[in-house]
Amino acid sequence: MWLRNCWYVIAWDHEIPAADDPKLFTRTVLGEPVLVYRTGTGDIVALEDRCCHRHAPLSVGRREGDCVRCGYHGLKFDPQGHCVEAPGIEIVPAKACVHRYPVAVRNRWVFVWMGDPAKADVALLPDNFSCDHPDWKNRPGYLHYDTPYLLICDNLLDFSHLSYVHEKSLGGSTRIAQSRPVIEPVPGATADWPQMGIRVSRHVNDVPPPPFYQRFRQFDTNLDRWFVYEFLLPGTLLMHSGGRPTGAAPDAPGPSVRLHSCQTLTPETTHTTHYFFQQSHPANEGDDTVTESIYNSLIGAFNEDRDMITAQHRNILLSSARPMMPLAMDAALIQFRRLLEARVHAEHSAAIASPHPALTT
Amino acid sequence: MWLRNCWYVIAWDHEIPAADDPKLFTRTVLGEPVLVYRTGTGDIVALEDRCCHRHAPLSVGRREGDCVRCGYHGLKFDPQGHCVEAPGIEIVPAKACVHRYPVAVRNRWVFVWMGDPAKADVALLPDNFSCDHPDWKNRPGYLHYDTPYLLICDNLLDFSHLSYVHEKSLGGSTRIAQSRPVIEPVPGATADWPQMGIRVSRHVNDVPPPPFYQRFRQFDTNLDRWFVYEFLLPGTLLMHSGGRPTGAAPDAPGPSVRLHSCQTLTPETTHTTHYFFQQSHPANEGDDTVTESIYNSLIGAFNEDRDMITAQHRNILLSSARPMMPLAMDAALIQFRRLLEARVHAEHSAAIASPHPALTT
Amino acid sequence: MWLRNCWYVIAWDHEIPAADDPKLFTRTVLGEPVLVYRTGTGDIVALEDRCCHRHAPLSVGRREGDCVRCGYHGLKFDPQGHCVEAPGIEIVPAKACVHRYPVAVRNRWVFVWMGDPAKADVALLPDNFSCDHPDWKNRPGYLHYDTPYLLICDNLLDFSHLSYVHEKSLGGSTRIAQSRPVIEPVPGATADWPQMGIRVSRHVNDVPPPPFYQRFRQFDTNLDRWFVYEFLLPGTLLMHSGGRPTGAAPDAPGPSVRLHSCQTLTPETTHTTHYFFQQSHPANEGDDTVTESIYNSLIGAFNEDRDMITAQHRNILLSSARPMMPLAMDAALIQFRRLLEARVHAEHSAAIASPHPALTT
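Residue numbers (the UniProt record's numbering), protein chains in the order written: chain A, 1 to 361; chain B, 1 to 361; chain C, 1 to 361.
Just to be clear, a hint being listed does not mean it is correct.
Which copy is meant is left open, so a pair is good if it fits within one copy or across any two.
[Unchecked claim] With a cut-off of at most 25 Å between alpha-carbon atoms, the simulated BS3-like pairs for lysine-lysine come out as follows:
| no. | residue 1 | residue 2 |
| --- | --- | --- |
| 1 | 23 | 137 |
| 2 | 137 | 119 |
| 3 | 168 | 23 |
| 4 | 168 | 76 |
| 5 | 119 | 76 |
| 6 | 168 | 95 |
| 7 | 119 | 23 |
| 8 | 95 | 76 |
| 9 | 95 | 137 |
| 10 | 168 | 119 |
| 11 | 119 | 95 |
| 12 | 76 | 23 |
| 13 | 76 | 137 |
| 14 | 23 | 95 |
No lab work stands behind these hints: they were computed from the structure.
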């Protein structure tokens, strides 16, 4: 159940080699191998990493200027994906080409559009501003999961797990699990999209400061904490979180902790997932040591999630037909799954009405 | 083809952590993950190791007194399997529970009942007396197999393999393979069970003493040897074996070797198996060195079996449709497979007539 | 899509242990485990490596003279595959036997006939003369592939890949890829076989000598090079290749390089393959160092092929339904695939008309 007409992050921009670097970067998205490289003008190109001739990966071949040559029988493709040379063939057939995926780069995330290229629309890109903003600092992260991406969406849509999975790492008080978040729709960014995702707002008042916050300052009172995030199709979390002394007004001056996080999930195959993330702190609070320390905490905590979700997935594989039991804390994840399902259904219906080659293979 | 309404060994009792040990023990039986722990009063509890909410394993969570709390979203289950707390939910739904498996502990084997709990009956437990008896000494063993459990049942039901698989380890004379055992039904333990298994009695007279016996004594004559065992549903072998000087009466005084062995097979999944076993010698014959030495021989020999059955299984996977050729030595294993098949069939018919939730998932 | 009524190489003759060596050699061909051993008279026997009784591999058992005894329950088979002894059974059933595969040994290749034994015909053996000929020297090679055998046939049927896959190893000039080979049918060796394979002749004139040739001599001119090979059913390449100073007549005296190579592919399972090969040089040109050096180059180059084909196979597994795009350089491989397909189809039709036990399992 994958949405195709949307943007997926395929890489952090620093993962894509420079134009003069002979290395070729490849990553599989929605089960399709995708080659990503930079042209001499700095543009990023994403091509199907599978020669149309005998399906060898182009990434095993080589760069030739802005083109790529297959390393098996030497077909050469330009950045549009057109085969411009086939050894020993005078007139290369016009249909000799590989799919070219629309690419967008925004705040260090490199996005590819996996559906109909004509529908690619930058208005649908998420606002991952803190990934690259003078007011914010972070160290980019990446993890690979051997589980389907929806199980990780579930995890991010129910922060009650903070109290248990991250009890010792992120300092999740059981008060977090006991609180109920407000859940609202995020309206669509374009006329085509009635709803873009789910907004989850959770406020937990009068709780001890988590050890995690000591990086910024010592508090001698309890805090009011907040986690306010959007979870957007196909799988992006954009979150403001923080804490201030209990009872202080939201915009009152004085000590507080304010963070912003961007995280996104990209299905690799039906059962494996790419996870890109960062947790930003204000650039004027904390030096590189703090940035590094937050990154290390995050990796530690995200490994806790991965261990749990991997164990959950093993159980699901043992008895895949057994139903889960929805509880109150699942409201957001159920709403998100319904939204995704409706969207995928609409996409399939549209594809049947007006088939596009890139969607039918 | 698994029987459900019967006892399976899930562990040796020493494998289950003490009540004050925070570790949680889990093992998969018939494809179901099962959590096993001790309460403060020393009772052993077996619960489905899969939270009803999102299917996370409870064994990744933690003990809280006699309860277990899921480490994902914090649901807490009592030893009956009832959810007694769900963070942020005032009234926990009654149907929020995990399956509780009936447990029996007998002579250091911990049994779970995988079918309808109402049918659990300790009269059906095998008499594995030598596992824990003042007259007998042994060291408990466990092996894991990457093969279906029925192939291992087959192995235990035809001791003609001793002459070949264990020619050098257990000293199986070819006379063993040439002899024909007497095969008889073992009557059922309760009215419900017309037959509990197969009794196999094999006597091999006037053969040289196996090197294995030198641990106890040197014989200067040939021996009459015997292997008399019951092989009981679902997969338990209880065996008396031994040897005495050729021609001596069974109860004549004088030198002899008398052993008792208990072995049992528990399917983990359709293609993997747990194997629990011990070979006991009389407590008044042989010190700890002898116990250890028997254990080491047994492990060596059982690895020979595992190598053979694993190689056999590989061949079966290559051509799973090819039929085997029944020969005279297969009488016991064929009778056992028929008995099991009839029993499974009866169980399915009864389940259709009167479905039970634990059997229908 | 396997042809059965034909010869497949199962081993180099030096791989089969001597008659007095207790080791037993086994290799899987077309998904069937095959035991190969030598009798006291030096004949090579190939038997189904699966006891008819419980399917244990005979190769885990032991030699007894010219017979083999199963290591599980002791059935003994003679070189015809007949069970001549079953412990404890007076009269062994006549149908207790394992399949005996016709064997042929020619120039150090050991062939087995995987179809109807009555059809086995040595006239169908390929002429792999240089494998064992006083005028030629080589070191035999073997590689295992985790890909289907047809992908490797494809590779050998289109040498345009030399210019790219082996650009640095075998010195494949891009001129090779630009040249077009002549493709002709190889007529059948018997009345039953209208066509045995494909002949591919490629001449590339006036190209620099490849570094590979410096083992034999330094050329101070460009060369005319040739690659002339037959690719025969089910997957054998027999190739003459070489180079001489540009413009020299084929049979003119003077410096040249002349090589002969035999290579053959044997499917192990649907997705794995055995690859036997050698590249010979004239015995009177080059010493053992040259032989060894050619072998090392070949292994290096064949690993380049394997890396490429394995990467190609990974892409095919990701989207197995996606069609490839035939181009001019595929002429030979397409003709070969058609020939194989027609032959397999004919074999199936004949098998339906007159079924043979060895073909229906």
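Evaluated hints:
1. 23 to 137: neither (29 Å within a copy, 40 Å between copies)
2. 137 to 119: For residue 137 and residue 119, neither the intra-copy (33 Å) nor the inter-copy (63 Å) Cα distance is at most 25 Å.
3. 168 to 23: Result: close only across copies, 17 Å inter versus 41 Å intra.
4. 168 to 76: Answer is between; shortest inter-copy Cα gap is 19 Å, intra-copy 54 Å.
5. 119 to 76: neither (27 Å within a copy, 48 Å between copies)
6. 168 to 95: neither (57 Å within a copy, 31 Å between copies)
7. 119 to 23: neither (31 Å within a copy, 53 Å between copies)
8. 95 to 76: For residue 95 and residue 76, only the intra-copy Cα distance (14 Å) is at most 25 Å; the inter-copy one is 61 Å.
9. 95 to 137: Neither: 47 Å inside a copy, 47 Å across copies.
10. 168 to 119: neither (45 Å within a copy, 43 Å between copies)
11. 119 to 95: within (22 Å within a copy, 46 Å between copies)
12. 76 to 23: Only inside one copy: residue 76 and residue 23 sit 16 Å apart there, 52 Å across copies, limit 25 Å.
13. 76 to 137: neither (41 Å within a copy, 39 Å between copies)
14. 23 to 95: Result: close neither inside a copy nor across copies, 27 Å intra and 56 Å inter.
The structure is inconsistent with the numbered hints 1, 2, 5, 6, 7, 9, 10, 13 and 14, although it conforms to all the rest.
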